[in-house]
Amino acid sequence: MIELQILSLLILAPLVHGWIKRCKAYLQGRTGPSVLQPYRDLRKLWRKETVWSSSATAISRIGPQLAAGLVVSAAAMLPVADRSGGWLAGSSVFAFLSTLALVRFATVLVGLDSGSAFAGMAAGRDLLFSLLIEPTVFLALLAVSLPGAAFTFTGMIALQQATGASHLAMTVLVLCTLVIVAVTETGRLPVDNPDTHLELTMVHEGMLLELTGRQLAAVSWSAQVRQLLWFTLIADVCLPFDVGHNPGALALGFGLLLWAAKCFLLATLVAAVETGAAKLRIFAVARLLSFALTLAVVAVLADALF
Amino acid sequence: MKSLHHMLCTLSILLGLAVIALAALSFQPGAAHLSFAYTILQNSPLRLSFALTPLAGVFLFPLGVLGALAGVYAIGYGAEYTARGHGVWLDAGLLSFIASMAFVLTAANVLTFMMGWELMSVTSYLLVVFDHERQDAVRSGLVYIAMAQLGSAFLLAAFLLLYVAAGSFSFAAFARTAPTLPPGEQTAIMLLALVGLFLKAGIMPLHIWLPRAHPVAPSHVSGLMSGVMIKLAIYALLLFGFTWFHAGQAWWGELITAAGILSAVAGAWLASQETRLKRILALGSIDNMGLITMAVGVAMTGAALHKPVLAGAALSAAVFQAYSHALFKSTLFQGAGAVLQGTHTDNLNQLGGLLRRMPATGASVLVALLSYAALPLSAGFISEWMLFSALADAAARELHSVAGLFAVGALLSLFLTTALTVLSAARIFGVAFLADPRSEPAAAAVRPPLSMRLAMAAGASLTVMLGLFASGALHYINQALRGGLLRPPLPPAVQAAPAVTLTILSFTALVFALSSGARRTRRSRTAATWTCGGQRTPSMSYSATGLSQPAAHALGGASPGTSFAMRYMYRPAWTAVTHIARAARQIQSGHVRSYLVYLFATMLALLLIAR
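Line order of the protein sequences matches chains A and B. Under my numbering, the first residue of the first sequence carries the number 1, and numbering increases by one thereafter. Under my numbering, the first residue of the second sequence carries the number 1001, and numbering increases by one thereafter.
With the rest of the complex left out, here is chain B (with noise of 0.2 Å):
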């Protein structure tokens, strides 16, 4: 069982590898002609087909190390639930997970494609019910799958819809005819694909299936789902917008800002109120979502309007938030998995002191949260930093127009979320690793097994390495974006970044070697912390709830909350749903002989119809 667990394990790894190894070809000049195909049925569109691009390339190459990351975590994480039997399946399911998101990468037509995009549904699924003890991930889970079908036909409507229109299910057609289908056509085809991408990508109002089914899932598979499959969405958006219908027209991509503007600061602003680790990481997906979407939306408009700079700087901004956000993500769910793992919570009013327990973890989780916040020597300030350049340009170049109206209040809702997600970062170490522990079990924190502290480790440099070579990875990045309607720019921030690092590495440490120099009259000594005189609890520590409740006070009433949504959204569709299915119980007498007649009839009006 043990030696089946490291061999699922290890091959997940050389999954990782392969698709790395995938990435690095498509950025070889020659990769375009690197297809293959496969006929299920002879004279069928039943066909499937698979090519590289580097676009592709640009979203394998996070999923490659991801996975590989994932697959070195799940080593030590796995170990608990091989000890309860059940293990195997967990490291099968890592495994095919990882190979479907490669799946949709590669595909070439809508078959491979809706297979890939299919099968990364259910797997997760099925990975977000493993612990199926547990109630809510059971609930969660069905949640999930619903909105993930949901999603799925919306965007079986759009291929369905380009397939009349090219009479072929290729790619290569969709790019050949999409653009020069009527405007009206374009506009009902992209709308459909927005609905069911959004609905991927976690995207406000139709996000709520996410801060639900990402905590509940291991926390490695947690971290890939978070990390790589909602940036699938990114992808399927960035060909539908960009390779097939050439940005189209410039209201759809304000339509994509205001969408990505509201998630980012809503899911920040939930985030920053939310008292369990991994669902203050999961609104945090949505924040990151936003953030990108909204940097796609003004790419697009910038496209629309034959600004192919402006476009390029933004959506090559957009891609570099995908990737520190990958990265970072990817790791503080996995310090989460630590912590779960070795206190059996991740509500931080529990938690605490947890750095002298695990002091590997803690130090990776805060190198990760310096990305998150988007604070310097990190790779998070770096792209943030790009995306305000990107943004303030657009403002500025377009400040007369609507656009720029869009390209402000993009700018101000990254201001709002850099500085909530400084709060959310905050109290994630602040309360969760610092002071004394709340509880027993964090007081007994167990510290997490090699393989796990290593991946994480090797995430969190990862991440210092993404700022620090942010130019290398850049010119990669911009060489698969570059074409007619993008010409990326290398932006400011990628050329005077190393200087702002460097000096405050310099500076910091000249500050260090003054403190620490002419120890001669220095003395130290160590002495409980102040409390006016009394006996010193834990509790007296502020609690997360605590840290945010000025915050909460104060601004409460002013956001848009998933309430509204569910209100005004989930509910009425909910009985609607109902009031149908208690209406169509009426012909369901349960009988043969009249569903033997439903048959009859529908077959007759099939005749009649299509005759």
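Next comes chain A alone, as it looks inside the complex (with noise of 0.2 Å):
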């Protein structure tokens, strides 16, 4: 049944993104647009006509593509609500966080392309965030593995079912590390402001400004995506009930009921950190993430002394 969770990840993506941002606007105060905007959204850019750079090459017309279907490629490496796997069940942890590296890269080189000076600006600085968020990840979700050597998505599911109580501490550290990389890996205050175009925050849209059409369609897409296959990763590792192992019809539709709940939820707390955080300056980030990267350094020594 991998199709359907697959299928339901990528279709809830930008549900996800618009419920974000209604509780934001309820939170100031405002009515904020509809939930479902995000969809629209797309429907327009993909019907809109597309406008290249000048100094475009061949990465523009590939990179956003590529970035969509490895996007699609990493939400099928994620278990949902059945941790059977289906067929990349093997897949390790390294591959998915891999996957998502080379959206990363495809997406700075597309930025890179159009030869603009926000482009650049942006991806200095995402790929500043990078050296400090995946060996974060990578220790985070470490530590979550190395009490039962099972460094799959569906190993580590079952191993936090079944120990993960009596390691709470390594798995509170965890959880938190991993709510700071998310709220890094989508773009949300307090590292970047998804509201603006200012370049003073400018770090995943300065990428994108020379995009048109269906280009910026696809990109953006795949941005909701990630945001949604991160809210999961925290969901699997963290909080990982009722992700069972073959489920039937009934118990695989109320397993995805709930990881729809604990995602909504995750996109809430998102939404009222947003509002009560103030951006915080480029470099004050790194200190935020090297803090992250501390508590994930103290998850795996955890698991070494206990």
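Please note: incorrect hints may appear among the correct ones.
What follows is a set of in silico ranges between Cβ atoms, one per label pair, in the way DEER data are often shown [what the hints assert, rightly or not]: (1) B:T1187 / A:L301: 26 to 32 Å; (2) B:P1359 / A:A278: 43 to 49 Å; (3) B:C1532 / A:A284: 23 to 29 Å; (4) A:L301 / B:P1572: 35 to 41 Å; (5) A:A25 / B:P1359: 43 to 49 Å; (6) B:R1487 / A:V273: 48 to 54 Å.
I should point out that these hints are in silico values taken from the structure, not numbers from a laboratory. What you are looking at is a predicted structure, and each value in this text was computed from that prediction instead of being measured. Ideal Cβ positions, reconstructed from N, Cα and C, are used throughout, including at glycine.
Using the hints, put the two standalone chains together into the complex.
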């Protein structure tokens, strides 16, 4: 039933994005756009004409589609409500995170392809964050998987379901780490401001400035899927209730509902953080991420010591 | 002149193919008996002796492939030198460089090995200083040959100690005697060998020659040096560590792991801050050698603790990483050579827009860069995935011991390194090949001749093939490594990787099909990149320096830089050498009679001692 999981992930991603916007608007005392607005935006972009930058090469034509194909593949690697894993059951954490790293690489190259200074600025910042993010995520997931030598998501979920309660301290540390990572990777406050195109805050948006039409739609959608993937990852690793092994139709439906509930809960949390937090200076973000890295190191040490 | 150039290049290609055949032969069951000896002087140890072992075959294979590719590349690359009248020497140098490396790999006694080793150092030195009208080439060459000689001295000392114990110079005798030596003597030999081999491998802090020498050599020679020559140090490390000493004591492996961790992170960091393309690639070699070395270290610790599966997994990951590094690095160096010849600069900040001027080079470089950054669809991805699995397994099995701590450290450095190489790869491709030319020569870049494009395309496609047929390649590697100490498994990475590659490719194709279909309403036009309404100039695009500036600003103080080694190792050592030289000058009067007295005194002393 992995196809159903992938489809629900891909289809729900814009809705989660709309939900966060709506929550933020509510918290700020506005009405805000409909939760369906991201779908309408995507439809509009899909129909618009394409304007290529005069410096653009084949990279601008291939990159966005590659990014979209990659997030779909990443979605296939992450269990949602069924941890039997499908045809990518053997692919480990490494494959998943490398696939997301290739999304980043493709986006950076697409940005640099236009020769825009804003894209360069954004790419440099994004690559700085990645230097701290990647070791952090890897270590956090390593902390979860080390006690049972389970380095695939399916194994990790089974391990957490069996022994997660006895490793509560480690799980909490990992949860904190992954939330900071998710906030950074989804380009949200206090790291990046998704609502503006000011160069002071430009990280993710800067690289998309020269994209139009379907290319922009593909990259925007893949960013939304990436956001939901991070929420799903947190749900899988830290709150793995009701992720069954080969569940029946009813159990699968219930599992999917529960997964959606967990993701919307995380989305609401992100919206609340975003309303309460102020934007950090770029180099203060590095400090926040080093804090996350420290948490992850402590989580691994907690494994080794207990 | 030109026909001689072509003939020598053809010879290099043929030699490469012959080495591949030799590698294939060494995997045959009866290959162990294929040995050959030539006695130079009767009743003396002056004997050349050759043998084919599966372990050597593992390293002969990339040597043959890269040698043949370098031969193809040299046809076009050497044309400019031939036109200036001394290109034939470059071709001859390439030929003897390949031959000397094959010599090292087939050696079966100390004399043969050291002859090949020295020949390799000297030929590569001559190739480094080939552009001798350049001042920096001569200086870099001097540093290189000095460090290479220092390394040989340490290595020779280790060999001589082994000879004293075994009573023979042959490697077979070493394999019999070495494990029976007392632990103290074993450690002394191993430490001497480690210094000598780390000097050759460019492991920090013994690396300072590498970023000097590799960039100034002609590009296909740089590719061979980075791709194969420094790997021979790993081959010798495996000889010492596994074949002779049977992994020795656990802390040897931990020491090697620590050295590898330092090199991997520091090399990758320095590469991400450098702006000259060939220097970036050279520093990237330090980082990759670090990864390989740390995996060898984990394998040695595992073998010393009698965990053959764990050790085998780490070692086969190390060898696979060496393969993928050999292929992508030689392709990248060849790409850098094409850029250098087409624009006469390899400073990223002066390049730009090269993908439009030299599309074939750009495509090959991009494919190789995917491997460099260990991103999916590439061989580098599979090799680092294997490293990850092997190290993670080691960490999980030894979680509560010191060995596990080293494995976790190695994992952390692997993660840091992959992130840093993504930054480096984005800088190389994004700045040099995309956007607009930042200087006149870059705007007038000339595309390389067919032979060079062919060599690069072949290198890039071999990288892809290595990724696709990883399980086949690994079958041979594992077969060669299998022994009492090592039981390499077929790693999960290799089993799962084809599905990952296929999934990514098919979903991307699907998205393509969806987005290019239904063209009814599609219009497109071209417009200038937005510059807030101003006039756009190429210099508005981010430079390589600018791209890595945030990282430099945020993390700059944290890196163990070259300056540290320079300040606390090399400067004091150099001061000591000059002091001793100055002191020794006092007895150098220049009169013949005083030298006669010295000779007489020395002879007398020797007679008294060796009476």
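Checking against the hints above, which ones are violated?
As far as the earlier hints go, not one is violated by this structure.
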